[in-house]
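Engineer: What follows is the residue order along each chain.
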Amino acid sequence: MTLPLSFVFFVLLGLSVYFYYHAKSGIVRKAALLSDRTKALPSHYGQQSFLWAFIPSFLILLVLTIGGPNYIDQIFYNKIQELNPTFNESFVSLILAKVINVSNGKISTGEENIIMLAKDYKIAFEQLHFYRGLVVILCAALLGMIISYRQKPGSNAREQVEKFIVNIFFASAVIAIFTTVAIILSLFFEALRFFNLYNFFDFIFGLHWAPNVAIRTDQVAAEGSFGMIPVLLGTLLISFIAMCVAIPIGLFSAIYLAEFATPKIRDFVKPTLEILAGIPTVVYGYFAALTAAPFFREIGFSLGLDVSSESAIAAGAVMGIMIIPFISSLSDDVIRAVPQSLRDGSMGLGATKAETIYIVILPAAIPGLVGAVLLAVSRAIGETMIVVMAAGLSANLTVNPLESVTTVTVQIVSLLTGDTEFDDIKTLSAFGLGLALFFFTLLLNIFALSISRRLAERYD
Amino acid sequence: MLATLLISIGLNGYSALQQAYFKLDISVNTEKFVDDSGAPDNNKMNLFNWDGLVQSALREFFPEVKDRDEKKELFAIISANAGYDLKEIIKKKALGSGSHTLSVWLHLSDDADQYLKGRLSIDIPEEDRRINNKQIAWVNSLVERDIAKLKFNKTFFTSADSREPESAGILGSVIGSALTLFVTIMFALPLAVMAAIYLEYFAKPGKITDFIEVNVNNLAAVPSIVFGLLGLSVFLSTFGLPRSAPLVGGLVLGLMTLPTIIIASRASIRSIPPSIREAALGLGASKMQAALHHVLPLATPGILTGTIIGMAQALGETAPLLMIGMVAFIIDIPTTFTSSATAMPVQIYMWSDSAERAFYERSSLAILFLVAFLISMNLLAVVLRRKFEKKW
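Chains X and P, in that order, give the protein sequences. If you read the first sequence in the working numbering, its first letter stands for residue 1, the second for the next number, and so on. If you read the second sequence in the working numbering, its first letter stands for residue 1001, the second for the next number, and so on.
Just so you know, these hints were derived from the structure itself, not from any lab. Check the hints yourself; a few may be wrong.
[Stated by the list, open to error] Heads up, simulated DSSO-like pairs for lysine-lysine below, C-alpha to C-alpha not over 27 Å straight-line:
1. P/LYS1387 - X/LYS270
2. X/LYS163 - P/LYS1149
3. P/LYS1117 - X/LYS163
4. P/LYS1117 - P/LYS1134
5. X/LYS24 - P/LYS1287
Using the sequences provided together with the hints, build the complete structure.
Structural biologist: Next comes the structure, spelled out in structure tokens:
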């Protein structure tokens, strides 16, 4: 007998709803017997029963669904190893994968042993599903009955329910912290494994990036070298080009929008900018690779310059276009946050509108504008699709915008989108790059946010 | 700028709405495909030489082609999947027993298709071209005889990816995106709303609350690819969830959009005047009742606006999905949350990376669809905001 996940879930939900109504009517009856009034609304007792029956059982279901298959895999891994202790780790994993695939019916095989194991595997899974369903449903029923029995009209169900809900709310807020911690830990530990294989200082200061290593041990290949300076330089070069495009246009349009535009124009331009900001980066990447790159190449040729078909300037320019709405909407908010009294004061002293803008408003807004630009830089550094599609793969140590350079994100994507082993030095080096990227952008973000906050406090 | 971008992509993509088809009159005897008891037998159907049937029918148009090499060139103007497509058509028709003559429209190859659309320039020397003079002559003669023509490209909307551009479609990736977004919204929206209510009404000012706020603000600015790395090392290698699955993609995108929705929800909750909450509290409602029964319904439009923007962001996101293996070549249309799938932006990325010219126009058309969808989502958000924007 099998109990699929969805079935178990809906039975659980049904049971919990049943206990809701059961407790709701039960408490009224109990109160009537004692000729008393319930301390909270009847529905609060219902909610209490629902939560009691649902939450613990649901957590058990979640744990069994995620952990169960891993546990079974581990058992079979040990079983295979016992059958033949001479097998090494990767071979055992290979056999296990075969067993799993045979039991799913994805592949077929003639090997007796594997067929036997696959049968056992399938039975183990069926047992897991059966017991999972049984445990969850029994647990919900039992807890539901206990809580309904214990509820007294004198107990304050509302307080208990609300306390519980606040805790759930708190837990959801804490997920933000968990995510950050998980990012740092996962990047850190994978990067640590990388630095066990490769010298940390060679990674940070190395001038040569060539992640070609032998895939099999018997293969002859050049020793891979993982110096991140050329990759970092490429990233900074492309971000710099992007900023050269985005900062002037973004700032000017923000000043125009905040100071000169009539409400009618604003109402049209603001949503348009938002839509432009909502265009997926893969579209910009397509534009960069198929329209902008040939365009820059043609211009270069007509000027007698040799422009690479994956030139940094094409990727950078399109990235700049992508970032314009980001900068302009952030800067617009910053400029509008400058109090009207400053403008009025300046105009009252006889300054023209232009003088007011660059003698009074811009200096007042500078911290916020710097914050906006820093956020944009962090965005440019972390941007992936444009550079994956339009920038190159080979790491050249150059600042010539006409040549092809590579970036951190391009390298992460190219290192991780193959069928490589998870503990391969190439795969691990991507996590090293990821850690560097994360810290770089984190620093920029914290700095930018603290600057903007200071501005907000100054004029509050 | 928006206009330039869209026009240049649109000019590339509009022609993918059409596809070159050719008409074949083919006679099949369904008795070949039944087993001894007379029931249809799929195995026999699969083993039948469909390619041969299509090829011999094509050769009837050009009796002068005899030479082996010439035959090969002739067959290159029709799709390599033509035989398979014919089988599927006949399977779908479920013909009764006996022999039937029917005329079917099958795909020409992508090179012939591009030539008919005028996208392959015939000025360059023959050796450098993907289609030679002889093949051009054949295609032209098919067109003159009204056997081949450009028709609406239905395949593009009804099939998943394929190695042959003429039989590749976006349906697989659209469904993959839909499944992924469903997981994202189910995961992110409740968590974000609960977190926002907590931070606005229940959090006691202190270090923990400050730390949560700093984290939320920072997560909103973490590069999306880092979330992909997180998904790779936590969901795939630690929890052992399947690769390429919409479930994992949805969770990763959910974590990514969580801060966006939290920030929008908080702003929306904050914009509800305190007097409403105070009135509820004054009439004896508990803090929880005031928040859930009075403030939350009023804040819903704002929360929805934020959610739509977050979802639009998630729909267009590619990089984290590359990290968790949703970049695979998948011919089947995904059906469950754990089956291998790809998403629309990833499909665009893969197509624009492939060598065939015909994939370019397909990725352009896919972009137009994606962008049209995103713009309408964003417009909806803008309209919602305008409509429910209240001055209290």
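Engineer: Please work out if X/LYS24 and P/LYS1287 have their alpha carbons no farther apart than 27 Å.
Structural biologist: Distance of about 22 Å is within 27 Å: holds.
Engineer: Take a quick look at whether P/LYS1117 and X/LYS163 sit within 27 Å of each other, Cα to Cα.
Structural biologist: 67 Å, violated
Engineer: Run the distance test for P/LYS1387 versus X/LYS270: straight-line Cα separation, threshold 27 Å.
Structural biologist: 16 Å, holds
Engineer: Between the alpha carbons of X/LYS163 and P/LYS1149, is the straight-line distance 27 Å or under?
Structural biologist: 70 Å, violated
Engineer: Could you grab the alpha-carbon distance between P/LYS1117 and P/LYS1134 and see if it respects the 27 Å cut-off?
Structural biologist: With Cα atoms ~18 Å apart, P/LYS1117 and P/LYS1134 stay inside 27 Å; holds.
Hint check: violations occur at hints 2, 3; the rest are consistent with the structure.
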